[in-house]
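Protein chains in written order, with numbering that gives the first Met the number 0: chain R, 0 to 564; chain G, 0 to 137.
One should not assume that every hint holds.
[What the hints assert, rightly or not] Derived Cβ-Cβ restraints for the label pairs, each shown as a range:
hint, chain 1, residue 1, chain 2, residue 2, range
1, R, S291, G, D118, 30 to 36 Å
2, R, D473, G, S99, 23 to 29 Å
3, G, D40, R, D338, 46 to 52 Å
4, G, P80, R, G511, 40 to 46 Å
[Said to hold, decoys possible] Residues of chain G placed beyond 10 Å of chain R at every Cβ, according to the derived structure:
hint, residue
5, M41
6, E52
7, S99
8, S120
9, G133
[Stated by the list, open to error] Facing chain R, according to a computed beta carbon distance under 8 Å, are these residues of chain G, among others:
hint, residue
10, T49
11, I53
12, N56
13, G57
14, N58
15, P61
16, D118
17, K129
18, I132
By construction, these hints were calculated from the structure, which means they are not laboratory data.
From the three backbone atoms N, C-alpha and C, an ideal C-beta is built for every residue, glycine too.
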Amino acid sequence: MISRRDFLQVSMAASAMVGASGFGNWARLAAQQALSQDQLLEFDTFGNISLIHITDIHAQLKPILFREPSINLGVGANKGHVPHITGADFRKAYGIADGSPSAYALTYDDFASLSQAYGRVGGLDRVSTVINAIRADRPDALLLDGGDTWHGSYTCYQTEGQDMVNVMNALKPDAMTFHWEFTLGSERVNEIVENLPFAALGQNIFDAEWDEPTELFPPYKFFERGGAKVAVIGQAFPYMPIANPRWMFPEYSFGIRDENMQSMVDEVRGMGADVVVVLSHNGFDVDKKMASVVTGIDVILSGHTHDALPEPVLVGKTHIIASGSNGKFVSRVDLDVRDGQMMGIKHKLIPIFSDVIAPDPMITKLIDEQRAPYADQLAEVIGQTDSLLYRRGNFNGTWDDLICDALISEREADIAMSPGVRWGPSLVPGDDITREDIWNVTSMTYGEAYRSEMTGEFIKVILEDVADNIFNPDPYYQQGGDMVRTGGMAYRIDINKPQGERISDMTLLKTGETIDPAKTYVVAGWASVNEGTEGPQIWDVVENHIRKQGTVSLTPNNSVEVVGA
Amino acid sequence: MEFSRRDTLALGLGAAVLTVLPFSVSAAAEDAIAEFTGGADMADTGVELTAPEIAENGNTVPVEVSAPGATAIMLLATGNPTPGVATFNFGPLAAAQAASTRIRLAGTQDVVAIAKMADGSFAKASSTVKVTIGGCGG
């Protein structure tokens, strides 16, 4: 891992070998308040190969608002390094002016007011326009989807992913890897993948019984582009059976399997690959570690942790690209590959400003066809919000505060828990809350809201367990989500302590009493990974709560005290 | 996360094991190592141990060991009540000194492999396998 200054020096010193990154464009964009489609797409075609990376769409077919996190802590060697800087620190690191389009796209401050100026982001019809423009420059550009595509909306749930499959197929990807897709259940995933008109890759997708590679998910695929052989190796989310319900896909095993990744890199190099690209759903810190362990990877297209970075991060000789989430960004990566090696790279993170980039009418029509049978359900207004509703952040967000409030009041609980996922668009004060908005932050195939009794001791065990999945100093032991969100209780967390010692000062908010390890509390939550969980669906719980509120107003949540950041 | 009373109890018991720190080797494991090596020093290279970083299912964790030139490899789950997993012996005609098996882990702990080489020396490898409740990532 090198600092930005080192990166600049390296790219200048090696300018004959490694082309400039996209940061110049970002600085220019920042200086200009007016935006145009041409500016967003401006790119001097470089080298002989183009890659287009999109990842973690979470079934967002239409333009949305998406606020980036205000807190995203790194631990160990990653402390203070991208993507673990936010807000003003992030803008300073990349030379982004306050209030600029880039500030709005990449940082959280003044989100509600900037959203009035710059509007919505994403929409796969706008993404299509960007892809078409890149293909106009380079007709054989490779489109690579990093996964978390067939999950995350009302229509995706109702059609078991078919709406996303139909629209993505029209964009003609060349390869894809996976995570939440498997929560459709292995039978449905197999059915879709068997008919997929592009490669479904995962060197770490194994048969659970025999611990052997599967036929349905090959490790890699070769593409002939620009006179060179491009090997694309897939890396699915390593911890699917742990972070998501294993019983939904019992035939499959995952894991990081970096020794097998090294074997695959060696194998494709032996077969004459001129350049090796890994399409990854590891998460950024895991990709950085993998790049330091595995030799011979030129580019990692990184997904899962939803980071959007305007420059590649260089680890050894591997360039790592992070392309954001929810359809908000597309990365274009041009490569100069000659004589069996990568001689240069040029990159641009393209923000999909929905009001600036013209929609591709064919894709707009296709999207509307997917949504038409559900139009009335999607559009129904359940309530309004006076508060900014967002999810991202290590410890809490207003969407999950609202979900926890709903769980406590609708399920008559002392304490509520909401999973630390990173998907789900934002709403700004004054917005209507539609049924679609509620599903965008809750939709999943295991959304039952449980109600259970737990001892204070066990609640601490849960918090310690989840905290170690985020703040273990070794990225290979991190699962890439955020801290479980809690309602009705306060606690203190020292992120640098070992598991078992991070959480202290647990307090029940309604009485102000310290949580007693031996006492039993009623806890409501959702998204249990265990089979047979019973309860109403979380989206119904939240809808009922919002209906009763009419207009939602949330007070700032200061119940988590963070130490060691 | 599921929280029926029975599971809560079961996980509560597991939680006691979770607090065992990685790299702490139990007295029973130390005894087993001493018996196998006779107290000899162990080299840090020569044994390759492949285990998942986080167990998908703590009841059946796939583990592979390989030590070219070994006559025997002992495998230990150092945090289990009974640490001994297996000792693989290799005769002179064995094509490869490697083995794979599945083990049950009571909680987060180090899995250790110790190889006895043909010249009587010993080598060791160790890997931390985490057993977690899971369920909140994404």
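How the hints compare with the structure:
With their beta carbons about 34 Å apart, S291/R and D118/G fall inside the hinted range of 30 to 36 Å. Our hint of 23 to 29 Å for D473/R and S99/G holds, since their Cβ atoms are close to 24 Å apart. Under the hint 46 to 52 Å, the C-beta atoms of D40/G and D338/R, about 48 Å apart, fit the expected range. For P80/G and G511/R, the Cβ-Cβ distance of about 41 Å falls inside the hinted range of 40 to 46 Å, so the restraint holds.
For M41/G, the condition that its CB be more than 10 Å from all CB atoms of chain R holds, with the nearest at approximately 22 Å. Annotated as non-interface, E52/G brings its C-beta within 10 Å of a C-beta of chain R; the closest such distance is 5 Å. Separation of S99/G from chain R is inadequate, the least Cβ-Cβ distance of about 8 Å not exceeding the 10 Å criterion. Every CB of chain R lies more than 10 Å from the CB of S120/G, the least distance being 25 Å, so the non-interface label holds.
A beta-carbon of chain R is positioned within 10 Å of the beta-carbon of G133/G; the least distance is around 4 Å. This hint holds: T49/G has a C-beta 6 Å from the nearest C-beta of chain R, less than the 8 Å allowed. Using the Cβ-Cβ criterion of 8 Å, the hint placing I53/G at the interface with chain R is satisfied: the shortest such distance is roughly 6 Å. For the restraint placing N56/G at the interface with chain R, the shortest Cβ-Cβ distance is roughly 7 Å, inside the 8 Å limit, so the hint holds.
For G57/G, the interface hint is violated, since its Cβ never comes within 8 Å of a Cβ in chain R; the closest pair sits about 10 Å apart. Look at N58/G: its Cβ only gets to about 11 Å from chain R, farther than 8 Å, so that hint breaks. Interface restraint check for P61/G: the shortest CB-CB distance to chain R comes to about 5 Å, inside 8 Å, so the restraint holds. Because the smallest distance between the Cβ of D118/G and any Cβ of chain R comes to about 27 Å, over 8 Å, the interface hint for this residue is violated.
For K129/G, the interface hint holds, the least distance from its beta-carbon to any beta-carbon of chain R being 6 Å, beneath 8 Å. Among the interface hints, the one on I132/G holds; its C-beta lies about 5 Å from the nearest C-beta in chain R, closer than the 8 Å criterion.
Comparing the model with each numbered hint stated earlier shows that hints 6, 7, 9, 13, 14, 16 do not hold.
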